[in-house]
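S.K.: Sequence:
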Amino acid sequence: MQVRLILLSGSRVGEEVRVDDEAVLGRSADCALSLEDNGVSRHHARVRLEDDGSVWIEDLGSSNGTKIAGQRVREAKLEDGDIFELATVKVRVKVSGHESVAPSSADQGAAPPAEPAGTGFEDLEIEEPVVTVRSAPRTDSQPPRPKPAEVVVSSKSITPRVPASRQGNLLAEDLAQQTGLPKLLMVLVAVAAAGGVFWLLFEAVR
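Just so we're aligned: 64 in our numbering is position 63 of the sequence shown, and the numbers increase by one with no gaps anywhere.
Do not rely on the hints blindly, as some may be mistaken.
Unchecked claim - Below are the DSS-like pairs computed for lysine-lysine, each with C-alpha atoms no more than 27 Å apart in a straight line:
id : residue 1 : residue 2
1  : 95        : 68
2  : 78        : 95
3  : 68        : 78
4  : 78        : 91
5  : 68        : 91
Because the hints were derived from the structure by calculation, they are not lab data.
Please construct the entire structure, taking both the sequences and the accompanying hints into account.
M.R.: Laid out in structure tokens, this is it:
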């Protein structure tokens, strides 16, 4: 706990002094708080800190006395925020760091609050329902593609009948469509056939 004395008036207004065990206030230079104001005795009063943490002020036989709340006192207990007067000088008491109050024996012996009575259902086990979620079929997938139509070709060859007037043209078209060695062979066959025809005509005329 810490006790401080703060001057509210007089020639040293605003100054503070810390009280460890005790502090003497007066005009003498050996005082913990030396006051040079009129009416203050050489050793005017003493502020002391007791073992139990209480703070007391004691008048040391001053000429003008020590006052609290306008009343002259010989000895009095001080609380945090109290103001006492030494002649014309006012001093405030500031107490900080109070020790916490220990709990009383009655509080220490108090029984803890009783637990609420059981309902009788503590031993029951409740099985949670099992939910199976099946995903719905996808609707954004593309529909299956249809199978391509099967084409069945009969083993029997189909030979279309072409009029005689178009056979020459077809032969010429076939020759035009052929390339390379097949085309050369067809030309040779055609030349040989033409030569045979001319030879037969020549023999018939002769």
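S.K.: Can you list which hints this structure breaks, lowest number first?
M.R.: none
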